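Asker: Starting from the structure of chain U, add chain F where the hints point.
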Amino acid sequence: MSATNAAVASVQDAAGAMGPLILGIESSCDETGVGIVRGTTLLTNTVSSSMNEHVRFGGVIPEIASRAHLDAIVPALTAALTEAGVSLQDIDAIAVTSGPGLAGALMVGVSAAKALAVATGKPLYAINHLVAHVGVALLDETISARLRSDQGSAESSLGRTERLGALLVSGGHTEVLRVRDIAADVELLGATIDDAAGEAFDKVARLLGLGYPGGPAIDRLAAEGNRTAIKFPRGLTAAKYMGTAEEPGPHRYDFSFSGLKTAVARCVEGYEARGEEPPVADIAAGFQEAVLDVITAKAVLACREQGLDTLLLGGGVAANSRLRQLLTDRTSAAGIRLLVPRTSLCTDNGAMVAALGAQLVMRGVAPSPLAFAPDSSLPVSTISV
Amino acid sequence: MLLLAIDTSAIASAALVRLPPGSTAGLVERSFATQDTRSHAEVLAPGVASLFPDAPTSGPDLDAIVVGVGPGPFTGLRSGIAMARTLSFAWNVPLHGMCSLDALAWEVRTGASAPASDFLVATDARRREVYWARYDADGRQVEGPAVGPAVDLPALPAYGRGAGLYAEVLAANGCTVDPEFAAAQPAAASLGLAAASLLAAGGHLLDSSPLYLRESDAKVPGPRKRAS
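Residue numbers (the working numbering), protein chains in the order written: chain U, 1 to 385; chain F, 1001 to 1228.
The following block holds chain U by itself, in its conformation from the complex (with noise of 0.2 Å):
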């Protein structure tokens, strides 16, 4: 046995019934995450976040991001250390995004994993932050619950038991996921073309002057505006894109969200041309529309025609009520079962990662080479490196 293969076995002796203990770090877009995991235990989710250093700039700075993720990584180990009550030496593993994200942000979080790889020895395992989107359902106890009474099993996985699908909607992914097996097998169906939706949010606020980051800002406004008073294009959904179920076309479950944003500046630039205030709660709204329409509809398509009855629904635009109004009614009517982890753990964080980390040590995947590189586009079929 190589002393790899030693120390992953030990790890999972060391694990035993309660599951092994994870620290993961995430620190791909301006979150800098800490959390501690036994299993799918949640012990603690640190997260740091810059938001406030990009206001002003309506959009993340990259730089800027990096910069703060190389002040916020110790304070915020030291935190979650503190708040799991366990020291660096229970730690069985490490698990760090490695991708996809933004390349100098991820290279802070990287960095520190290694040197906390290094310093204790332990196993270290580079993590697809997009899988670990996925993975974090496992933390939520009410859907970690349900899934093990499905299972029958004391353990709950992801993708073995239930046919899975999921929809991952933040300010930097927009993709549909099949996922044959968590720790093994993870489709890419679909995925924006150009721009993410939550990026189109944010662009659309700053048109509006409703400011940063725009997803809150724009539902609050939709609330109050008529989603049906303006109609606003709906990305890739003609029949040339679509095709049908037994002759796919080129973008049958793809999204593009920056045509969309351009028709938004158009119409407002309309009404200013004439004189007119622009009605920007009726804007917000169509605009909202527009991108939660598409995306639910390819969701729920792409469940149906590939045989998926369960979807889970990640990402930091999870936390927009319209878009959770509208994949209720439209799961339930398809008769799929929908999964919404709780806010917190939808949003970048550590938890996640180590979450993930978690199912591969469980399931004796062995850790990365310490000479791995961060990849700002890993594919999502790649779950570690």
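Since the hints were made in silico from the structure, they are not lab data.
Please note: incorrect hints may appear among the correct ones.
[What the hints assert, rightly or not] 20 Å max Cα-Cα, derived EDC-like pairs, lysine to aspartate or glutamate: (1) U:Lys122 x F:Glu1042; (2) U:Lys231 x U:Asp282; (3) U:Lys231 x U:Asp293; (4) U:Lys231 x U:Glu269; (5) U:Lys122 x F:Asp1054; (6) U:Lys240 x U:Asp293; (7) U:Lys231 x U:Asp219; (8) U:Lys122 x U:Asp90; (9) U:Lys231 x U:Glu276; (10) U:Lys231 x U:Glu272; (11) F:Lys1219 x U:Glu53; (12) F:Lys1219 x U:Glu63.
Quick caveat, the model's predicted, so the values are computed rather than measured.
Answerer: Below, chain F without anything else, positioned relative to chain U:
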């Protein structure tokens, strides 16, 4: 006293430097350095680990960690500082910072043809600029660190890759560029030796805050253009 030195301001490097009791000069026990300037996140951790043949699971016998705080290209620089800060945290060992240009200045001053008066150290700041500082004959930094075009440097002997890259510009301005140092980069071994002799002389090191010298390029967006 045993120091772990790390510098990623240009190349990635790490070294163990011992200062024997009563001595004023350190000794490099082990060191690691790359040539290239773009793989820090990959190579640094294995490089640091290679300095400790016995896995230091409960904390090695270190007295301090000293990290080069730049100036240097941001992303690479941060990988070294993040590594050093986290090692310091995990091992509970004191952490110090040192200007990375001091590593080269130490090599110049202790080299065969040490200048008798003030000299410059310059490294590549990309974007047709150099990071530089001015040192006196005793190796004290008397100006800088600063970033700017090579043409703005004072007319003094200049050392380091930043000087080599702009040798013609510097020569035309009255600087002399030592060919032996025309490709020299700051390295952890020299940084550790410089730190050891400074500590032996009762001097003080910096904290580990990076010397970025440049702001992020981000501009606050102006008001949206209105349709007329």
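Asker: Now tell me, hint by hint, if it's right for this structure.
Answerer: Against the structure, the hints come out as follows:
1. U:Lys122 x F:Glu1042: 18 Å, holds
2. U:Lys231 x U:Asp282: 10 Å, holds
3. U:Lys231 x U:Asp293: 12 Å, holds
4. U:Lys231 x U:Glu269: 16 Å, holds
5. U:Lys122 x F:Asp1054: Satisfied, since the Cα-Cα distance of roughly 14 Å is no more than 20 Å.
6. U:Lys240 x U:Asp293: Holds, because 19 Å separates the two Cα atoms, which is no more than 20 Å.
7. U:Lys231 x U:Asp219: 17 Å, holds
8. U:Lys122 x U:Asp90: Holds. Lysine 122 of chain U to aspartate 90 of chain U sits at ~10 Å (cutoff 20 Å).
9. U:Lys231 x U:Glu276: 18 Å, holds
10. U:Lys231 x U:Glu272: 18 Å, holds
11. F:Lys1219 x U:Glu53: The given pair, whose Cα atoms are some 13 Å apart, holds under the 20 Å limit.
12. F:Lys1219 x U:Glu63: Within the cut-off at roughly 12 Å; holds.
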